[in-house]
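Turn these sequences into a full structure, and let the hints steer you where they fit.
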Amino acid sequence: VSRTPSSPDGIHHRRIAFGLVAALMLGTLPYEARAQQSAALGRLSPASRSAIDVLMDSATRIGIPREALLSKTLEGISKGRPGPQIVQVVRRYFGALREAQGSLGPEASLDELTAAAGAIQSGVDPGSIVRLRSNRRGGSILMPLVVLADLVSRGVPSDDASSAIVSMSQRGALDSDYEGLWKGVQQDIISGAPPVEALNRRAREFPGRAPPTPGRVTPPATQRPEIPS
Amino acid sequence: MVVRSAASAALLALASLLDARPVAAQLSSRLEAGGVVSTRDGALPNEAFRVRPGLQLFHPHGTVAASGSAWRLGDNWLIADGDLSVTMVTPARYGIHGELAGSASRVFYDPAATSEQFDARGRVYMSLEDRAGVWIGRGLERPMRIAVVSQVEVTGGGAWTKVGKATLSGSVTSFLLTKLSPSADSSGSAAACATTEAFAAVPEGPPNKRNLISGVSGNGLDCQRQSRFSDVQGAVEWSVGPVEVAAHGGYRFGDEGEVTPDSRRWAAGTATYWVSSQFAAIVGGGRQPANPARGLPARSYANFGLMLAYWPIPRRTVPVESGAFLSSFEVVDAGYGAQTIIIRAGGVESVEIMGDFTEWEAISLYRIGRDRWEATLPIAPGIHQVNVRVDKGKWKAPPGMPSMRDGFSGEVGILVVE
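From first to last, the protein sequence lines stand for chains E and H. Just so you know, we're using this note's numbering here: the first sequence kicks off at 149 and counts up by one. Just so you know, we're using this note's numbering here: the second sequence kicks off at -13 and counts up by one.
Simulated from the structure, these hints should not be mistaken for laboratory data. Computed from a predicted structure; not experimentally measured. We put the CB at the ideal spot given by N, CA and C, even for glycine. Treat the hints with caution; some may be incorrect.
Claimed, not checked - One side only, chain H facing chain E, incomplete, derived with CB under 10 Å:
1. Thr73
2. Pro77
3. Ala78
4. Arg79
5. Phe104
6. Met130
7. Pro247
8. Asp248
9. Leu282
10. Trp346
11. Glu347
12. Ile369
13. His370
14. Gly396
What the hints assert, rightly or not - If you want the ones that stay clear, here's a sample from chain H, every Cβ over 12 Å from chain E, calculated:
15. Gly123
16. Leu126
17. Thr147
18. Pro228
19. Glu242
20. Gly270
21. Asn289
22. Thr326
23. Gly341
24. Pro367
25. Met387
26. Ile400
27. Leu401
28. Val402
Shown next, in the form of structure tokens:
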């Protein structure tokens, strides 16, 4: 089968044109997302919508991204909750975000804020988040926060869960260690163990690691070479 | 360099455009081929090779389905039946949702048993925590070419519950058959209406039992007759590993003149063994009661065959949520900032996902194989809150990942994307 060769210039121009069209289409996506958000918010009553707007403006003024509250609002709408309940939940969430910001400092990322707010809403003491932050200074506290919130949601008393997670962070635990702890506790709970006993048993199994050398970046778990036993 | 950037932008744009939108609809298909043996009381058994294709286009707000079967009898192929249906579903509120359905179908087993029918029905479903549910409904069937039935009003309800790995259901359905023929009708139906011995479904029955239509009224020229009977049916559906078993049995209540003895009781079952995600062996058999609206007599049957289903249509005893659960949830990097979400859920008709990365808009997953569901979505690195649901049930945290309370009396899963 023979093909007629196209002119290199033609191909070049077509590719540029295709790229431009694609870039334009990409540019329209944020507008589409905004339109989707606007349509969803339109399902709220004017009073609820106004209350949510006030909360989002207040969040922006103190440096909390309004996206966090918008997301919680959209979640409530999609789950079919009535407007007043959504406002109540978003107001509580705003309070949790404020406490999270107070614990983590103004430099905290949106991910850290939402993870910490989730943990606080699950019943975790903000003081534990401060200790976690200071133990893992320079490192991410996302995974310990996520595991902490999950443990409390599963019925582990907040003090026991916080104490175990903070203790692990003091002993140099990595994200993979928290993940391992979570999996172990989940397995034990499914097998019938009381949540707090499952946590205590699995936390005791963590032997501790040497703290990372200052100035060196710990590679992600997937890139670390396996240590032969 | 410009070309490479443009190409990258184009690929990214295409990936985003393909993935950013909720999946509009998904296609399911099935092709069965095998032998079938069918017998009527007092008649010789018919043996045939049967091919049954089926196609279903599922959308969160409705479904379009088409199915049929072709039989090979001797050297001839026969289009035995065909069915096209459209169903519209309302969103669920407090576990309650409504459904409107319409269908057109045709059967042609032999020149004496040929008919077309149009059906319409409405149903209301209520489910209780994915473990049990009830439904009630009403509908109208309009058969064509059936001399003794003009229309059938169908009223019914049922309940289902999940017991271990089995789903049990029971239903009661009442049929009110009416024959209404104006004197101007020249098709012969007025004559059929007027005679008490015209009933195609039970041609061999004694004369006093052929009259399914009773309660004659009219002015001597127009004719209206009505008849009523009710079916009570129980069913069980059980699925363990690659084996699915479905069985049902029933009893028909009605006056002796309205229900023939061979249609009083019936029972049938089917077993399916999935050799792979897309390939299964099927064996089944049992007894079917007469269907007066279609002019079909009671019969016994046995079938065996193979099923090829790239996008399988689930076999369901229960028309609503069966309490199916998600057995696994996996996220795989698809490149260009997109992640492919893979969920394993068997015996369900829809799986949806939503999270902060979809602006909390529900997105349907595509079915790939028997119990594998997929969707590729743009998800940025970081932590995300996510919920999934099957068959329009309750939003839940996916299995195999940490979760936390969502503030709305439920839970969200926490997805960490590196």
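Verification of the supplied hints:
no., hint, verdict
1, Thr73, "violated (22 Å)"
2, Pro77, "holds (8 Å)"
3, Ala78, "holds (8 Å)"
4, Arg79, "holds (6 Å)"
5, Phe104, "violated (35 Å)"
6, Met130, "violated (42 Å)"
7, Pro247, "violated (51 Å)"
8, Asp248, "violated (49 Å)"
9, Leu282, "violated (44 Å)"
10, Trp346, "holds (4 Å)"
11, Glu347, "holds (6 Å)"
12, Ile369, "holds (5 Å)"
13, His370, "holds (9 Å)"
14, Gly396, "holds (7 Å)"
15, Gly123, "holds (24 Å)"
16, Leu126, "holds (32 Å)"
17, Thr147, "holds (24 Å)"
18, Pro228, "holds (24 Å)"
19, Glu242, "holds (51 Å)"
20, Gly270, "holds (36 Å)"
21, Asn289, "holds (41 Å)"
22, Thr326, "holds (18 Å)"
23, Gly341, "violated (9 Å)"
24, Pro367, "violated (9 Å)"
25, Met387, "violated (9 Å)"
26, Ile400, "violated (5 Å)"
27, Leu401, "violated (10 Å)"
28, Val402, "violated (7 Å)"
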